[in-house]
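Number of protein chains: 2
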Amino acid sequence: MITRAAQEAARRRAIVLFDQAGIVARADELDRIEVADFGLGELEQSGAQILTLVDTSQIAAKVLALLPHQVLPEHRHPHMGGYAGKEETIRCAWGELYVYGPGEPAPHPKGRPPAHRRQAYTVWHEQLLRPGEQVTFPPDVPHWFQGGSRGAVAWSFSTKATDVADVFTDPDVRRETLVVD
Amino acid sequence: MITRAAQEAARRRAIVLFDQAGIVARADELDRIEVADFGLGELEQSGAQILTLVDTSQIAAKVLALLPHQVLPEHRHPHMGGYAGKEETIRCAWGELYVYGPGEPAPHPKGRPPAHRRQAYTVWHEQLLRPGEQVTFPPDVPHWFQGGSRGAVAWSFSTKATDVADVFTDPDVRRETLVVD
Chain E
14 MITRAAQEAA RRRAIVLFDQ AGIVARADEL DRIEVADFGL GELEQSGAQI LTLVDTSQIA
74 AKVLALLPHQ VLPEHRHPHM GGYAGKEETI RCAWGELYVY GPGEPAPHPK GRPPAHRRQA
134 YTVWHEQLLR PGEQVTFPPD VPHWFQGGSR GAVAWSFSTK ATDVADVFTD PDVRRETLVV
194 D
Chain Z
14 MITRAAQEAA RRRAIVLFDQ AGIVARADEL DRIEVADFGL GELEQSGAQI LTLVDTSQIA
74 AKVLALLPHQ VLPEHRHPHM GGYAGKEETI RCAWGELYVY GPGEPAPHPK GRPPAHRRQA
134 YTVWHEQLLR PGEQVTFPPD VPHWFQGGSR GAVAWSFSTK ATDVADVFTD PDVRRETLVV
194 D
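Protein sequence lines correspond, in order, to chains E and Z. Be aware that the first sequence starts at 14, since it is given in the numbering used here, and climbs by one per residue. Be aware that the second sequence starts at 14, since it is given in the numbering used here, and climbs by one per residue.
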């Protein structure tokens, strides 16, 4: 749960990050930036600001702004009926992005999820993305990201987005953010 | 057919346009910008500079630079076997882009294909895109674009790209550009 004031403050911080990253968006798109706290009520630590540019029945193109050290919690995009699940390419546009997926765990990871949620982070193979660098996750592969010390902006290019069906490792996560006055 | 010098000159003009548009790309990506003359040998009039950022078996994300008044010739992305054909969203990032597809023809279109190729342009419903504005073409729908007086930069977000299978209205078009020293 976040307050409407906190939502608007995060949206404005995202707009500054998008501007620094050279992202071109219309005013009506910026008005609709999603501020997601994943139901955890600790937006500065766990959350994301999401600008959706394309969302068809086939593909999605989104831009994510992460505040400094903000973590987008570990999740996967599952198979669903006839749909193989979302394939997603994450491409850093600005700042530094720490990206984690399956594989050899980093001995000294730069990413730091909130200590009280450490058990909800199970994949620790690290890729540090700087602007222009990217990684592609096939469907159903768990992954999580964290912004660097100045935050980060990243593109998400994917097959059909099915956000509410995403499976998060943390049982406390709720994908839809409740906003209160 | 274009010379290697013309290819490199067009690539450099594209890099300037991409920079003006705030596009973030690595040096190795910029080295691979495709300069396409569509086999017509009149690059300033008919052609495109194409930067591919994502190209998986499922989706593609590209950025197109069009020189001033340069036309990307009319084409469609056909069905192929089990693939419905490429769905494509064109989003203007910089400059002005004139986009044409099926529908009510513009009475006074801004777009001007080369006069000697006028018969290869059959759809004249006009949409003028400024930065942040976009249009989505379903598979198999003919479309063509032209850059404005300062050129244009546009994103192409799509399902799987199958460029060499694109069907061009102009029988003179060859999708693969021959580069000579």
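You may find that some hints are simply not true.
Since the list gives no way to pick out one identical chain from another, each pair is judged satisfied if it fits inside one copy or across any two copies.
[What the hints assert, rightly or not] Okay, derived cross-link-like pairs now, SDA-like style, lysine to any residue, Cα gap no bigger than 20 angstroms in a straight line:
(1) K123 - T190
(2) K173 - R188
(3) K123 - L191
(4) K123 - Q58
(5) K123 - E42
(6) K123 - T69
(7) K75 - K123
(8) K75 - E109
(9) K123 - P184
(10) K123 - K173
(11) K123 - E109
(12) K123 - G52
(13) K173 - R125
(14) K173 - R24
(15) K75 - E189
(16) K123 - Q33
(17) K173 - V136
(18) K173 - D185
(19) K173 - A128
(20) K173 - E117
(21) K173 - V67
Hints in this document: simulated from the structure, not taken from any laboratory.
Going down the list of hints, with the structure as the test:
Taking CA atoms no more than 20 angstroms apart as the test, K123 paired with T190 passes in neither setting, with 27 angstroms inside one copy and 45 angstroms between copies. Proximity of K173 and R188 under a CA criterion of 20 angstroms is satisfied intra-copy only: 17 angstroms inside one chain copy versus 29 angstroms between copies. For the identical chains of this complex, K123 and L191 are neighbours neither inside a copy (30 angstroms) nor across copies (47 angstroms), given an alpha-carbon limit of 20 angstroms. Taking the closest pair of Cα atoms, K123 and Q58 come within 20 angstroms of each other only inside a single copy of the chain (15 angstroms); across copies the shortest separation is 50 angstroms, beyond that limit.
Within a single copy, K123 and E42 get their C-alpha atoms no closer than 32 angstroms, and across copies no closer than 27 angstroms, so neither meets the 20 angstroms cut-off. In this assembly of identical chains, the alpha carbons of K123 and T69 never lie at most 20 angstroms apart, being 35 angstroms within a copy and 29 angstroms across copies at closest. For the identical chains of this complex, K75 and K123 are neighbours neither inside a copy (25 angstroms) nor across copies (31 angstroms), given an alpha-carbon limit of 20 angstroms. For a Cα distance limit of 20 angstroms, the shortest separation of K75 from E109 inside one copy, 18 angstroms, qualifies, whereas the shortest one across copies, 22 angstroms, does not.
For a Cα distance limit of 20 angstroms, the shortest separation of K123 from P184 qualifies neither inside one copy, at 24 angstroms, nor across copies, at 55 angstroms. Taking the shortest alpha-carbon separations for K123 and K173, neither the intra-copy value of 31 angstroms nor the inter-copy value of 34 angstroms comes in at or below 20 angstroms. Taking CA atoms no more than 20 angstroms apart as the test, K123 paired with E109 passes inside one copy only; the shortest distance there is 11 angstroms, against 42 angstroms between copies. Taking the shortest Cα distances, K123 and G52 never come within 20 angstroms of each other, neither inside one copy (25 angstroms) nor across copies (50 angstroms).
With identical chains, the CA atoms of K173 and R125 are never at most 20 angstroms apart, being 30 angstroms at best within one copy and 36 angstroms at best between copies. Taking the closest pair of Cα atoms, K173 and R24 never come within 20 angstroms of each other, the shortest separation being 24 angstroms inside a single copy and 32 angstroms across copies. Taking CA atoms no more than 20 angstroms apart as the test, K75 paired with E189 passes inside one copy only; the shortest distance there is 17 angstroms, against 31 angstroms between copies. Within a single copy, K123 and Q33 get their C-alpha atoms no closer than 23 angstroms, and across copies no closer than 33 angstroms, so neither meets the 20 angstroms cut-off.
Taking the closest pair of Cα atoms, K173 and V136 never come within 20 angstroms of each other, the shortest separation being 24 angstroms inside a single copy and 29 angstroms across copies. In the homo-oligomer, the alpha carbons of K173 and D185 never lie at most 20 angstroms apart, since the shortest distance is 25 angstroms inside one protomer and 36 angstroms across protomers. Proximity of K173 to A128 under the C-alpha cut-off of 20 angstroms is found in neither arrangement, the shortest distances being 33 angstroms within a copy and 41 angstroms between copies. Taking identical chains as interchangeable, the C-alpha atoms of K173 and E117 are never at most 20 angstroms apart, the minima being 29 angstroms within one chain and 31 angstroms between chains.
In this homomeric assembly, K173 and V67 come within 20 angstroms of each other (Cα to Cα) both inside a single copy, at 10 angstroms, and across copies, at 15 angstroms.
Hint compliance for this structure: hints 1, 3, 5, 6, 7, 9, 10, 12, 13, 14, 16, 17, 18, 19 and 20 are not met, and every other hint is.
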